[in-house]
Every structure is written in C-alpha cells, then in structure tokens.
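Trainee: Here the protein sequences line up with chains B and C, keeping their order. Taking the numbering used here, the leading residue of the first sequence gets 1, the next gets one more, and so forth. Taking the numbering used here, the leading residue of the second sequence gets 1, the next gets one more, and so forth.
Keep in mind that the hints were calculated from the coordinates and are not lab data. A hint or two may mislead.
What the hints assert, rightly or not - Below, in silico cross-link-like pairs of lysine-lysine (DSS-like), each with a Cα-Cα straight-line distance of 30 Å or less:
no., chain 1, residue 1, chain 2, residue 2
1, C, K69, B, K70
2, B, K28, C, K69
3, C, K101, B, K80
4, B, K26, C, K69
5, B, K28, C, K101
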Amino acid sequence: AQTIHQWPVAEIKAVGSPLSLGCTIKGKSSPNLYWYWQATGGTLQQLFYSITVGQVESVVQLNLSASRPKDDQFILSTEKLLLSHSGFYLCAWSQNSGNTLYFGEGSRLIVV
Amino acid sequence: AQSVTQPDARVTVSEGASLQLRCKYSYSGTPYLFWYVQYPRQGLQLLLKYYSGDPVVQGVNGFEAEFIKSNSSFHLRKASVHWSDSAVYFCAVSGSSNTNKVVFGTGTRLQVLP
C-alpha cells in the first residue's frame, strides 16, 4: 500500500527565517506530486506540481519554491518567511494526471 | 481556467436528516469532478469522483453526487447523516486540457447536531 509522509508536523518560525517542508511517498513509483496551501479555515491553493524527478511546475509561487530531488520526495522551501506564509501545507500524489489526489496529513506553519 | 463555487460556507442539520451540499463548477472542456472531506487537523480524503458515464456516482459512507452538465453542478447528497459526518467538504475540478491543475472550492463546513 502507498503511504505519504509529511514533515515536520508543525513549526513555529520567525519572519525572515528559512523554511523547508518535506513529503515522501512510499509504495508508488513515478507519482505526480503536488503542494497545496490552506489558510486557516480556508480553501486549498495549489502551489506546485511535478510529474517527474527534477521537473517542477509553479501554479502560484507565493515567494516559495519547490524541488523534486528524488522520485519519491517533494520539498517546499523559502529563504525568507513572511507572515502570510502561515497556514496548513498539504502534499498530495496522484497516479496519473487528472486522477484522484491522495493527501498527506499536512504540516502546520505559524510565522511570528 | 477552471473554478468551483460552493455557495454555502456552513450547513447545520440534525442527525438522521437528509443532506445536500451544493457545488457549481466552471470549465470549458470535459471536467473531472471530485468531492473530498477534511476532518479537523487532517489532510483531505476522497469521497467520490466523476470522470464520465453514469451522472450519479456513489461514494464512501453513503454519499452520492450527481453531475448535471446543463447546470454545471455536482451536488453532494446523503440520505441520512450521522454526527460523525461533521467535517469540511470540498468540491474540486480538473479537466482534460490541464489535468495537473486541480482547483478546489472554498469548502462547506457541515455540523450535524445529535
């Protein structure tokens, strides 16, 4: 069975500090990978997607970047956090484009 | 570009009552439609999806949805709700021309009263 793991579960970070959020998928080769951001009580905003290692497409950047260093890993990062980066970050995978998204448990970020 | 409208931010029903959560989408091509549920502090889980064929699709836990192309709608229904159905429900759309972009609605928070 496929599993998706996000880390860290939660973080409190200072404005201007760097950030790295990670996502690992096990049990599925060559998945499509996605990053979503959810403001508290809000909808999901798609940030990035990747269909293969080393290739990442930006949907909305929000002063963030993403990378896919391995087939099963997706990283979201920034060098300088803003207050507006606070929220819930969700990683998801799908078998093919347009198919069901399978979400991780999310990483909660509070920027102070 | 596709978009999704969920006009009801909050819905409150009594346990055992029937439920309809509304969703309207905008997409010029063939839509792929989804309903997801989110429990507190968790990721989203798929309830059901529509790609083609029978416009009424069955999902988990007794949920179903009907695709009405003429109305650009994909409303979620359940005949009898349980208190454990309390959660946030999201409608989402992707499409044949840009299948990697999945757009979500703003969500409907469902509260089921015992």
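Trainee: With reference to the structure, classify each hint as holding or not holding.
Mentor: Here is how each hint holds up against the structure:
1. About 40 Å separates the Cα atoms of K69 of chain C and K70 of chain B, which puts this hinted pair outside 30 Å; it is violated.
2. The hinted pair formed by K28 of chain B and K69 of chain C fails the criterion: a straight-line CA distance of about 34 Å is larger than 30 Å.
3. At roughly 27 Å between alpha-carbon atoms, K101 of chain C and K80 of chain B fall within 30 Å of each other, so this suggested pair holds.
4. Of the pairs offered as hints, the one joining K26 of chain B and K69 of chain C is violated, with about 37 Å between alpha carbons and a cut-off of 30 Å exceeded.
5. Using a Cα cut-off of 30 Å, the hinted pair K28 of chain B and K101 of chain C holds, with the two alpha carbons roughly 21 Å apart.
The structure is inconsistent with the numbered hints 1, 2 and 4, although it conforms to all the rest.
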